[in-house]
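Chains as they are written, first to last, in the working numbering: chain R, 1 to 392; chain S, 1 to 392; chain B, 1 to 392; chain A, 1 to 392.
In short, the hints are calculated from the structure, not lab data.
Take every hint as true, because none was put in to throw you off.
For chains that are exact copies, the list does not tell them apart, and a pair is met inside one copy or across any two.
Straight line, CA to CA, 25 Å or less: simulated DSS-like cross-link-like pairs of lysine-lysine:
{"hint": "1", "residue 1": "K359", "residue 2": "K349"}
{"hint": "2", "residue 1": "K318", "residue 2": "K21"}
{"hint": "3", "residue 1": "K318", "residue 2": "K305"}
{"hint": "4", "residue 1": "K6", "residue 2": "K21"}
{"hint": "5", "residue 1": "K251", "residue 2": "K240"}
{"hint": "6", "residue 1": "K318", "residue 2": "K6"}
{"hint": "7", "residue 1": "K380", "residue 2": "K251"}
{"hint": "8", "residue 1": "K318", "residue 2": "K186"}
{"hint": "9", "residue 1": "K224", "residue 2": "K130"}
So the chains spell out like this:
There are 4 protein chains.
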Amino acid sequence: MINGEKFMDRPLRWGMIGGGKTSGVGYKHRTGAQRDAANYQLVAGAFDIDEERGRSFGVNLGVTAERCYADYHVMLEEESKREDGIEVVSIALPNGLHYEATKKALEAGLHVICEKPLFFTSEEGEEIKKLAEEKRKIVGVSYGFSGNQMLLQMRDMIAEGAIGEVTMVELQYTHGYGADPEGDTKNPSQQWRVNPKISGDTFVIGDLSTHTIYMSQLILPELKIDQLLCMRQSFIESRKPLEDNAYVLMKYNTGAVGRVWTSAVNCGCVDGHRIRIVGTKASLEWWDAIPYEVSYEIQGEPIQKLIRGSDYLSDACKADERLGVLHVEGLSDAWANVYRKIALAIHAKNNGDEEALAKMVYPDIDAGINGIKWIENCVKSSNQGSVWVDFE
Amino acid sequence: MINGEKFMDRPLRWGMIGGGKTSGVGYKHRTGAQRDAANYQLVAGAFDIDEERGRSFGVNLGVTAERCYADYHVMLEEESKREDGIEVVSIALPNGLHYEATKKALEAGLHVICEKPLFFTSEEGEEIKKLAEEKRKIVGVSYGFSGNQMLLQMRDMIAEGAIGEVTMVELQYTHGYGADPEGDTKNPSQQWRVNPKISGDTFVIGDLSTHTIYMSQLILPELKIDQLLCMRQSFIESRKPLEDNAYVLMKYNTGAVGRVWTSAVNCGCVDGHRIRIVGTKASLEWWDAIPYEVSYEIQGEPIQKLIRGSDYLSDACKADERLGVLHVEGLSDAWANVYRKIALAIHAKNNGDEEALAKMVYPDIDAGINGIKWIENCVKSSNQGSVWVDFE
Amino acid sequence: MINGEKFMDRPLRWGMIGGGKTSGVGYKHRTGAQRDAANYQLVAGAFDIDEERGRSFGVNLGVTAERCYADYHVMLEEESKREDGIEVVSIALPNGLHYEATKKALEAGLHVICEKPLFFTSEEGEEIKKLAEEKRKIVGVSYGFSGNQMLLQMRDMIAEGAIGEVTMVELQYTHGYGADPEGDTKNPSQQWRVNPKISGDTFVIGDLSTHTIYMSQLILPELKIDQLLCMRQSFIESRKPLEDNAYVLMKYNTGAVGRVWTSAVNCGCVDGHRIRIVGTKASLEWWDAIPYEVSYEIQGEPIQKLIRGSDYLSDACKADERLGVLHVEGLSDAWANVYRKIALAIHAKNNGDEEALAKMVYPDIDAGINGIKWIENCVKSSNQGSVWVDFE
Amino acid sequence: MINGEKFMDRPLRWGMIGGGKTSGVGYKHRTGAQRDAANYQLVAGAFDIDEERGRSFGVNLGVTAERCYADYHVMLEEESKREDGIEVVSIALPNGLHYEATKKALEAGLHVICEKPLFFTSEEGEEIKKLAEEKRKIVGVSYGFSGNQMLLQMRDMIAEGAIGEVTMVELQYTHGYGADPEGDTKNPSQQWRVNPKISGDTFVIGDLSTHTIYMSQLILPELKIDQLLCMRQSFIESRKPLEDNAYVLMKYNTGAVGRVWTSAVNCGCVDGHRIRIVGTKASLEWWDAIPYEVSYEIQGEPIQKLIRGSDYLSDACKADERLGVLHVEGLSDAWANVYRKIALAIHAKNNGDEEALAKMVYPDIDAGINGIKWIENCVKSSNQGSVWVDFE
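Turn these sequences into a full structure, and let the hints guide you.
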């Protein structure tokens, strides 16, 4: 149970790159990081490409004007000169800028929390991983949904054999907010997502399904994708070669199989984030629309609905509980959990406690690299005509 | 609105082949056919391979003992001698017996209603279609779920442009009742389904997804599958080469794409029959667990739930209404609708009214042949390593 | 499991009083009675006050023209002269005509199945009960919803202590189809319901909640209402003194308490038929919108969803199963169950098997009388200013 | 849209009375107040009756040890001496201590945010209201659920006539976590709730239904209760004279009627917070289990599901949006909204902007007094034998 108590002497001094006034995701970072005023304190930022707007915004957030920087390079330089300079930075920039910003931040001696998809290539990922190791810094990835503690319940139940052997993995993250082509030119946060130079080789595969793939790995740490086949479409022509819809089939190392559907053109869909894990004896299902519930379906028995906050849940699940049963936790609580876990990792790293770190379950650099590989393999398959490819 | 009134002078004299005491589906045929005592009267049957059990059962159903036959060949012969002999016969036999029984029944001058999947090969289907045309007889297929009138609502809305252009077709028919391998040896109705000699080249693809494919064709008469890719598994090893789980990807003639999931090993799933049609403006979704509702989801507007029996539904939908709004109709009502429509087709055929017949929407021989082709193409793809194949 | 087999040598010869072409409920009677062509055969009727329309309708239902009577008195007289005359009659007339028709039918030596609410006064009920006993005939009440077998599951679980001691009974049967005042003058089946001479002292209390009260008694045979308090309104003024909405509070003999909400002006409500039984350890809930499911909620444990057709259900529940799990049964199946049980009761009565009869659970004359008492007590309370009254 | 920007120069200096380590609700206050580090900064507290535990807890929350007080009287005295002393205090004590603490805090010149039910008597409420006016301070009540912005959508739609005239108000707030009598002695947060000296004259009526009553007043500002009738029970005997279950019937000034069900012994219920407002044309329904949705049910039209974050919602609803559509907001977001609105009220009060204040919709002292009156009238009715009483 989380009640706002600190595990560190003081909150980490935290800065943001991007996430300014026009950003949708910036607020999610801040609300996750600053939850309970416990783990992070926002003290600096390079929030915006528009210097004045960025400064005004930062001041409104409580950052002093002098630490609202026009440019993140300046921020990294100036903050490194201060005794009270930032220790960790979040990067809420468009995809194409993640790599350089992460690299510079690590070089400046900072821990980093970066938006997904992490970088454009897994080579970049490996390079950054190596750099982070050298610098003894954490790189976390803001897979915000993954902070929902019911996913840990699924993980623990599956590990204990509650569903038998896993046979199928059914993943979906779809919505319809990309159905209007006008958004591509008029909506700033949509505009760059359909520009391959900034978004990378994919639109929805990177933007949406990397979340769900990480969540599946969190639930199923033993499963690795052996092969996949990806079919992708741009129902809005102008988005080509990027896709606004994709289907993926998967074969896992264990003999399990799976599917992914990700889409920004599933018209009218406002609740399309689902995970179902089927086993030889039972299934487990989670659905973002009722995020406090896991359906546990043992073949031949009554369907069970497990409810967040209940005593019968696993220890790891209950450890992340905040509000108690009866009280809906939502995405802001999930982000708070993710940011809190990254703070725990930073704390362990700062203390050189690699043993503790090794046991932590949070979206780390490997989770980010796996997301990039997911994208690379999907692109490889679809660009070859939607054929089976070995997952590399 | 259907209130039990007859459209023919008297019910058709009807016989059954199979569907005896141990059959699960036999009752669905009878309850569909005999609904309202309006369209079919059960007067003969070769219900069972166990002659005595079949006779006793038939007598309990109200058939005179002499018309409870040990063998359908005998039935066809004996009934053809009677002035009051049967006019139409339903075939509720295991798959491998459909072709011969249908052929013999047509040759005996009967209309036929046959279980799905219709036959083993589309050549057989074409041959029977030709024979039926020569004999001026109807061959209907008992796709029982397709009688749900909300599917007609979807058909009509899509035809009128309510969702824009169709982009995606999402189909699922899964359950978990095949998860127990013991069923394959102990449960008679499961036993033959996993025996390729009797079941044909597939298990769940034929047994389950042919329903859903037909329903999608009912809703989307303009869409044709151009290519598909099928991946299938036997999670219970002994079922090989048949599958207990399959995934299919589809490309349609219009540029739309689609997916099918069919399974008998989706553990704990008791409500896994779903259809979602996505368009450029909106989506329509139907789910067998709440069969009276269609979700109409216009992007950017409140989600609408359309309810069976409401005044605002289409004429074709309302024409099949029986109980009125507030009152749940279930599968027995859907079967009754299918049987009623086949009776209407038989009536038109008997009267030589080909014009009326051409306008009727019901599971006819073409629907049966399409189901066979669906199976053939899935098998072709999966047997070649789950590759794309042209739908032929 | 019901598969259509007969338990009698031949179907009962059955007639209808009312339920003609313009009747909503007539079809439900016919579809329930004639299910499986097993228990009832419609051979006569006085379907309509419009003689010609009634005859034409009856003929369309397969009744011979001569047995389509202009008037039920004539029918009773003429049928009693025939050797193949009707044995049982269903009364689907407006409320005010039930008493006389039932009396006449019993006097003519027929078993009776009558619409709810049974009569206007409980004295009439007791008189008819006595008459039925003298005549050795069954009077059944067409509480159609009560045929849902999941109610028996609730009954059996509660009897076995699955929820502890019953503490609360929460009942609701509401819809919004009376919200339009125009229906009172333009809709024939609505018109008489708001006319106290024909409808009796109540509108929705009699029309709707008598169903739910009976269902609660089916589930909870040990509970008796000791006191109740009823508050009723006519939101459409012209309906006064009848109510289109009512709330009732109840105290039971066991210390349990309860509530009823019944309404025809719960605008937009199409799924408002609910029963929740709370006990000291757990609750059971049934909702007509998903009639195949019972929610079993043990305090402190995962919520369980029990699904119709499953092996784990009680014997009585499974005995009424028709279609098997995965396949939705609806209201027509429930009516078929009610009619079948009344046929079983008639069969036992005809055979003088009072022992079997005593064990049968079906909506009998006592269920009908209890419904009348329910109305009487609600009226007494509300007319005295919505005060507590002893249930008499 | 709320993105964390401040509307004041700096957060209010905030202290807590109660809400310590063993408190369930304390965290909800802190997470609501400290959201976005924008409006409140926790700088002092008298968290616990156990001085050492309270200090240790406060320090863990980031409060300096010297400002973790053993006693709130000391806190009020010491803080008032400091230049940087607290400006606002939250009271998360058991009910019986609210009045004195609020009075002392106002006398110490602080704004107050107090738990519900506010005080024991409405006289106390009026006295405190007068005191607050004299002191020019805000007294807010922590009706946390009321911060859900979809309630404003309901308010705005009803004000615009979207449902016609209101006819019925259906309210429910129930759970089953009081079903175990052991909780009364073993669970500290349950213990005082069943002790009339600390809890007041009611258990669940005050503890649960005051929330829902306030929410109904928020939605329906024009409706006033004219009369009510309350029936309450203690299914756990030892709780008498307090109730663990209550039913209330209501008559409003407009002719509308309503019901309330509140319970801690609705076994197995984990989602029992519901509001349905019925009008002459349509209904609106909100359910805490899917807090992002309002069901808008126009009689005779498809049911509409309105989704939080959508463009089509009212301005007031959208103004409180934080995460955007697709992303579930939960109770922590609702608490944050409540605390933010109280901060806005404090800000206006401090600036003497009574005009702005008059327009604000938030749980103010009147909302608290109404809650007390609700309790008083329920008790009066039930103690007189569950009779109708005029709401005073």
